[in-house]
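Asker: Here are the chains, one letter per residue:
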Amino acid sequence: MEFRIPVGTWIDSFFDWLEDTFSWFFEGLREIFIQLFDAVAWVFATPPELVVVVVVALGALLARGWRFAVGSVLGLLFIIGVDQWDNAIDSLALVLVAAFLAVALSVPLGIWAARNDTVSKVVKPVMDFLQTLPAFVYLIPALALFRVGVAPGVIATIVFAMAPGVRLTELGIRGVDKEVVEAGQAFGAHPRRILRQIQIPLAMPSIMAGINQIIMLSLSMVVIAGFVGAGGLGGDVVQAVSALNGRLGWEAGLSVVVLAILLDRFTASFGKGMGLYSTWRKRRLARHEAAEQARFDAEETSAPTATSAPQLGV
Amino acid sequence: MNDDTIALRADGLYKVFGRHADEAVIALHRGTPREDLPSGTTAAVIDASFEVRRGEIFVVMGLSGSGKSTLIRMLNGLHEATAGTVEVGGESITDIPAKRLREIRRKRISMVFQHFALLPHRTVIDNVAYGLEIQGVEREERVAKARQVTEIVGLKGWEEKHPAELSGGMQQRVGLARALAADTDVLLMDEAFSALDPLIRREMQDQLLELQAELGKTIIFITHDLNEAMYIGDRIAVMRDGRIVQIGSPEDILTNPANDYVEQFVQDVDRTKVLTAESVMRKPRAVVHVGAGPRAALTLMRDEQLAGAYVVNKDRSIVGWVRDRDVFDLVRRGVKDLSSVIQSDHGAVAKDTALADLFIPSLEAALPLGVLDERDRLVGVIPRVTLLAALGGEPEAAVQAAPRPDPMPTAEVDQVLEAAVGAGATETKEAI
Chain A
47 MEFRIPVGTW
57 IDSFFDWLED
67 TFSWFFEGLR
77 EIFIQLFDAV
87 AWVFATPPEL
97 VVVVVVALGA
107 LLARGWRFAV
117 GSVLGLLFII
127 GVDQWDNAID
137 SLALVLVAAF
147 LAVALSVPLG
157 IWAARNDTVS
167 KVVKPVMDFL
177 QTLPAFVYLI
187 PALALFRVGV
197 APGVIATIVF
207 AMAPGVRLTE
217 LGIRGVDKEV
227 VEAGQAFGAH
237 PRRILRQIQI
247 PLAMPSIMAG
257 INQIIMLSLS
267 MVVIAGFVGA
277 GGLGGDVVQA
287 VSALNGRLGW
297 EAGLSVVVLA
307 ILLDRFTASF
317 GKGMGLYSTW
327 RKRRLARHEA
337 AEQARFDAEE
347 TSAPTATSAP
357 QLGV
Chain B
-13 MNDDTIALRA
-3 DGLYKVFGRH
7 ADEAVIALHR
17 GTPREDLPSG
27 TTAAVIDASF
37 EVRRGEIFVV
47 MGLSGSGKST
57 LIRMLNGLHE
67 ATAGTVEVGG
77 ESITDIPAKR
87 LREIRRKRIS
97 MVFQHFALLP
107 HRTVIDNVAY
117 GLEIQGVERE
127 ERVAKARQVT
137 EIVGLKGWEE
147 KHPAELSGGM
157 QQRVGLARAL
167 AADTDVLLMD
177 EAFSALDPLI
187 RREMQDQLLE
197 LQAELGKTII
207 FITHDLNEAM
217 YIGDRIAVMR
227 DGRIVQIGSP
237 EDILTNPAND
247 YVEQFVQDVD
257 RTKVLTAESV
267 MRKPRAVVHV
277 GAGPRAALTL
287 MRDEQLAGAY
297 VVNKDRSIVG
307 WVRDRDVFDL
317 VRRGVKDLSS
327 VIQSDHGAVA
337 KDTALADLFI
347 PSLEAALPLG
357 VLDERDRLVG
367 VIPRVTLLAA
377 LGGEPEAAVQ
387 AAPRPDPMPT
397 AEVDQVLEAA
407 VGAGATETKE
417 AI
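Here the protein sequences come in this chain order: A and B. Residue 47 is where the first sequence starts when you use the working numbering, and the numbers rise one by one after that. Residue -13 is where the second sequence starts when you use the working numbering, and the numbers rise one by one after that.
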């Protein structure tokens, strides 16, 4: 007698049941995904291409500096040059929507896991599972639940990309100096306040690394999403593979690379103190602090406080 | 129970980590040593009871692993006690809702941390104002108050810097200022100066004592450094393996160690800084009343075989001292009043003077060093031998000290020498 575990059948029938029972829910979700996608795509597709290039270059200048600005202009001109602009915008919209939703889910989940050991114990293996399961496998139930189009692409991308966001958020918050958190507690701060004023700000570098990872993984899902009719650069890559069209494959593929570099550098620069914006901010903050200090010093000399200050060599 | 003089009371505190904590407490209560607990169960604090008086610096001293950090964290509920109670200002903080506990932490008890635990993304002034911010004080008001405290700890001019721009000592001043600004009665200090280098540490200790004298806070201070404990503590609790083995004043602990462990521990302490004149002084043997005549004084000195004596008023407050020769003269001349020969440079010291500060006065005094209480009454004397014996750790040894032989009277010696020269012993002269 043959030994056989019909696990595939079980899972498949589970999704069939899900589809039958909650079709209204998935229909609604599909609508939301499509609307979001259309809105983001509209923002980038409506203005003339060169206007978008200039705006992106300005953003690059603010976020990271002039070298990145030049690089992003060259990259975007390349995409226009190989006639992949519309596809690139579709892909970008898909990445942004999926990454936004993935961040919105994974950061709170990571925070919850950091504050609750039981949650952490459950979340960890689930995340491992989702991340190691071959990405194509998500597509089958996603297709069944959301039908062909952008929606299954978005949902598969979210599921695939969430794991590092959750993990890095949890790690970041757990890694915050225990004494500093204790200081918050010792002075009687509410746990929510400690989270807001101490844990999240101090875990920010780690959380930002998680968001960066989410975006990069989302982009790597874009091509796979082409298989379910999500269109964009992925669509062209899939088409090129099936038609053995090397020229189209390279052009679409290189456009994905350009998009990836742009997104990675943008998100990696957040909170790192690079670019014009943070220079301005730093300068303004320093000016503000200097002004405050001057005000304190001035007030002190004109009206000395009653407290006697022991003279100490500081 | 609402004794006004008690700021904080801990009663039968236990902290057991791991499984079966409650059973472990029962076992420990019955006297099971903590090594015999099942593996995976760790008793950090065992049956700790003490009271801290208002305005006192209470030091908990122990080596790492003795449970002192766990103990201090139970006093403000950062660690929940497995058994026992803690009262702050007469109100129990064990088994109360989280909300009430947060209120007590805001109003009654604040904390200074070993590694400062400042918020790195905030300026000094905002760090100092943090406790007030949580108390819900308006920004204007809390900045004003934080600025005062910042100035008190000597950080004026650094208000708008970030912690990373400050040295360790300055960062801990911010930590101290943050706790002071919260204006709570009780201040917990967890190894607050241990991360600082020795010079800065001493400076901070002095500053803490100054602030304490000025503000009268109740301070519970954790340290592994016995010298620090002895220096700043009004009372010290010595912890070992989770248990408090002795509670007492620094002098108590030094002079009456409760067991071998404490005794070994205090061996390395610089006694001269801890022991005071009061703890080593002897009963004054010869004291002359100012009204007594020269004859009485001389008789007393002869009986006690002394070359001088202290002179005091009726209420034992010191007047000065007299030399036997001067009194001898008076008696010969038939003068009835001592006052003409009383010398006022008695050089006596206050009874809380540290031993270290007694050496020079002791050298300068003609008689055994006098010790005065707060009303200038002569309460004791410290002969030089006693001072030496105290340094050796056995003040009692002075009693058995062999008397130093007095030199023979010069006149007699001269007589004998002259006689020898007369006998023609010239070789002696050459030898000299």
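By construction, these hints were calculated from the structure, which means they are not laboratory data. The C-beta atom is built at its ideal place from N, Cα and C for all residues, glycine as well. Keep in mind that a hint or two might mislead.
Unchecked claim - What the simulated footprint calls covered on chain B by chain A, stretch by stretch (three residues with Cβ under 8 Å from a Cβ of chain A suffice, anywhere in the stretch; the number is not a length): (1) 113 to 123; (2) 269 to 277.
What the hints assert, rightly or not - Quick list of simulated restraints, FRET-style, between CB atoms: (3) A:Lys328 with B:Ala336: 31 to 39 Å; (4) B:Pro24 with A:Phe61: 20 to 28 Å; (5) A:Arg238 with B:Ser180: 50 to 58 Å; (6) A:Glu225 with B:Leu185: 18 to 26 Å.
Asker: With reference to the structure, classify each hint as holding or not holding.
Answerer: Structure-based check of each hint:
As drawn, the stretch 113 to 123 of chain B meets chain A at 4 residues by the rule of a beta-carbon pair under 8 Å; at three or more, the given contact holds. Coverage of the stretch 269 to 277 of chain B by chain A is violated [criterion: at least 3 residues with CB-CB distance below 8 Å; count 0]. Against the hinted window of 31 to 39 Å, the Cβ-Cβ separation of Lys328 (chain A) and Ala336 (chain B) comes to about 57 Å, which falls outside the hint. Distance hint check for Pro24 (chain B) and Phe61 (chain A): the Cβ-Cβ separation is about 48 Å, which falls outside the suggested range of 20 to 28 Å.
Between Arg238 (chain A) and Ser180 (chain B) the beta carbon distance is about 32 Å. The supplied range of 50 to 58 Å is therefore violated. A hinted range of 18 to 26 Å for the beta carbons of Glu225 (chain A) and Leu185 (chain B) is consistent with their spacing of about 24 Å.
The earlier numbered hints that this structure contradicts are 2, 3, 4, 5.
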